[in-house]
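Residue numbers (the working numbering), protein chains in the order written: chain A, 2 to 338; chain B, 48 to 537.
Read the hints as simulated data drawn from the structure, not as lab findings. It cannot be assumed that every hint is accurate.
Unchecked claim - To give an idea of the interface, some chain A residues facing chain B are shown, with a C-beta separation under 7 Å as derived from the structure: (1) A66; (2) E258; (3) S311.
Unchecked claim - Computed spacing ranges between beta-carbons, pair by pair: (4) A:L178 x B:S484: 25 to 31 Å; (5) B:T375 x A:G268: 47 to 53 Å; (6) B:A409 x A:T281: 49 to 55 Å; (7) B:A439 x A:A179: 50 to 56 Å; (8) B:D363 x A:D72: 38 to 44 Å; (9) A:S59 x B:T471: 36 to 42 Å; (10) A:Y329 x B:D197: 44 to 50 Å; (11) A:S59 x B:S437: 34 to 40 Å; (12) A:A179 x B:S484: 49 to 55 Å; (13) A:L178 x B:N468: 40 to 46 Å; (14) B:T375 x A:L178: 31 to 37 Å; (15) A:D72 x B:T471: 37 to 43 Å.
We put the beta carbon where it would ideally sit given N, CA and C, even for glycine.
Take a look at the letters that make up each chain.
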Amino acid sequence: MTHVLDPDAPAAGIAPRRQPPAPYGDVTRSDAAFRAFLHGLPGVDQVGAEARAAVLASRSIKTTAKAWAIDTAISMIDLTTLEGADTPGRVRSLAAKARRPDPTDPTCPPVAAVCVYGDLAGVAKEALAGTGIAVAAVATAFPSGRASRAVKLADVRDAVANGADEIDMVIDRGAFLAGRYLDVFDEVVAVKEACSRPDGAAPAHLKVILETGELVTLDNVRRASWLAMLAGGDFIKTSTGKISPAATLPVCLVMMEAVRDFRAATGRQVGVKPAGGIRTTKDAIRHLVLVNEVAGPDWLTPDWFRIGASSLLNDLLLQRQKLHTGHYSGPDHVSVD
Amino acid sequence: MTDTPPSPAQPTSPFQYAPAPESRSIVDLAPSHGLFVDGEFVDATGTPFKTVNPATEEVLSEIACASDADVDRAVKAARRAFTRTWGPMRPADRGKYLFRIARLLQERAREFAVLESLDNGKPIRESRDVDVPLAAAHFFYHAGWADKLDWAGLGPGPRPLGVAGQVIPWNFPLLMLAWKVAPALATGNTVVLKPAETTPLTALLFAEVCRQADLPPGVVNIVTGAGDTGRAVVEHADVDKVAFTGSTEVGRSIARAVAGTAKRLTLELGGKAANIVFDDAPIDQAVEGIVQGIFFNQGHVCCAGSRLLVQENVHDEVIASLQRRIGTLRLGDPLDKNTDIGAINSAEQLARIRELSDIGEAEGAHRWQPACELPDRGFWFPPTVFTEVSPAHRIARDEVFGPVLSVLTFRTPDEAVAKANNSTYGLSAGVWTEKGSRILAVTDRLRAGVVWANAFNQFDPTSPFGGYKQSGYGREGGRQGLAAYLEGAQ
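The shape of chain A in the complex, shown without the other chains:
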């Protein structure tokens, strides 16, 4: 009969866990150690965070700055369709819009990516061939994440095999809220491994969706952000867009602080993607202001900041036309998708 004297001792017969980057190599040695680390991160005072976000939202962005911000926001969009009724035709139509958002104005930049369900990744890949626009696919039993790990990993491999350049995974919020942080960590690590390609080409970029609306507190948002970064996520993303509230400024503030602090500690930069609920140019610009003042200009490119949206693009295009022509046009002056 054996007694486990050291609760930190790894159980026999299990492959060693993938280690987080230095200086956090040992924080995942046990559930207890990982919980202690995540709960030892500086707290977030909700009132203070909301006040800071409100001040940033009151920045007045005019003329030249606005023109820059609109074009930058367009170039950061993950143009998204995530409906049960999605068809290859709709995806092709969205891809066409992604390449040339404003057909009347060739100076309008293309968006960063088109985001679809995994089974349509191949259609999107083909429609976007040669454009440099990435194909992002949601996977891991999106949006609920309620499936066995084998199913989730199969979902990821399928999307990668279909040509997805980026995988948007959801974390297991149930495990996170139950305090099983190592389970969540291990799953992100496994998904990250499933993003690699058999032919040795660059693995798909992994975006980890925290679904902050279900994590509720800003303390949880910070902990989940760190968890996802330690597990190797390339991006942290607020929401699936299927849960309300989705992306909010205070949540984005805490996530920008997390990627900023993580880079300072490990040297590794992680991107941020607010998604869901950003519908107007004003909202988008507020997020850019926040990125600029909280994490800094290093994040102000599509490589490090994305906006997940479907209806935002048209508002950006209308505002862009307004800046160029001096007057508002109307919804018929931009394509429906």
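Keeping the supplied structure of chain A fixed, place chain B upon it in accordance with the hints.
Then chain B, alone, in the frame of chain A:
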């Protein structure tokens, strides 16, 4: 007339915010201003002086200087109004006038905000979002009290004192006016108010609001001038109550002048507030609170958190975060809606800030300032942090009244409390920790009139404000603030 200093761009960012200046065309600046006495704008007998825009040194207007005789006229008008109209008036009617003033302040908020930023140098973001809304809130709050004084817990049937002589500073010209005038009027007193020499314009615009509200003549009188005019108000024999906000030095001389008379006195003087950051604090929000505590209104705040007490084990982390955050502050044209830090109010104040900063360096503290361009004209001082400060340094003891933070460290809660209380002042303090029990334990032992927990520089008319020790006596705001203007209510 439309000189505006440029807003220096943030050099490293591709995101250059274009200037977003608030239009100054909403204010109609008269070339000269008289006194407001007995409901009329009248000439003064003293030598007029000029008020300038501290951001550009442009002369804004010529201001009348009230002599002793002018002050006497104003006090007589106030006495007349007290005995004939305002004193006998039904309290509910007095309340109606105050509500009317409050609504007019809201209606003309933009005008007040622009004028305040022009005359004071503070960013429009603060005058628009803080000063003017709070000033209106004070009138609304006290309007509600006007007919409920019997239930304020100050004893039965409290009576007004009579004529209040009030002298206010230049850091929050309109807000300090509201803090003084609203409770005085709500309790049935009449007022002779002297705004600061460098910032009289919003008080004179307030006089216009009093006329617009049909306030009976003599209830509010505004006399402009420098120290001599203030002295005449304080020393006038027919003033029943003196209220002063300003420097401890002037406060002392007022206390001497009032001693031995029947006048009641409240003083709200300087401060050297401790902002205590424990190692378990929410660091990002604490850094915001430190910035808000010392750089709000260019540090021209009597309750500014000018002494940062940070627990030794998180010192480096907090200072690094603070410096990064300060690097994002935008200094420049106060009328630009994106400006965070405006101009120093006057050349004299700038000289004092420079002098005390140089002393700090000479004493061995380490001075840090962000790379930050200052406009060529006007009075400017960059946000400044002194580290390696000891409680024996003058920079940790003297009130700088500018954007200068002194950082000290502590190891235990006891040491934090001892260092925080080791000051001749006691106006405010801040405590940053995630531990609720520690907030209660520490705030209980701090000798300060206001203690903020996980916040700083938050104001509300319902919350009494005032100091310990050389920060003065008496309270403004809340039920406690009413006591200073009522007889039989001690």
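Checked hints:
1. A66: Holds, about 4 Å.
2. E258: Since the shortest Cβ distance to chain B is 5 Å, the answer is holds.
3. S311: Interface hint status for A:S311: violated (25 Å vs cutoff 7 Å).
4. A:L178 x B:S484: 25 to 31 Å: holds, 27 Å
5. B:T375 x A:G268: 47 to 53 Å: At roughly 22 Å between Cβ atoms, A:G268 and B:T375 fall outside 47 to 53 Å, so the hint is violated.
6. B:A409 x A:T281: 49 to 55 Å: holds, 54 Å
7. B:A439 x A:A179: 50 to 56 Å: holds, 54 Å
8. B:D363 x A:D72: 38 to 44 Å: holds, 40 Å
9. A:S59 x B:T471: 36 to 42 Å: Cβ of A:S59 to Cβ of B:T471: about 38 Å, so the range 36 to 42 Å holds.
10. A:Y329 x B:D197: 44 to 50 Å: Given range 44 to 50 Å: violated, Cβ gap about 58 Å.
11. A:S59 x B:S437: 34 to 40 Å: The hinted range 34 to 40 Å holds for A:S59 and B:S437, with Cβ atoms some 39 Å apart.
12. A:A179 x B:S484: 49 to 55 Å: Given range 49 to 55 Å: violated, Cβ gap about 28 Å.
13. A:L178 x B:N468: 40 to 46 Å: holds, 43 Å
14. B:T375 x A:L178: 31 to 37 Å: holds, 34 Å
15. A:D72 x B:T471: 37 to 43 Å: 56 Å Cβ-Cβ, so the 37 to 43 Å window is violated.
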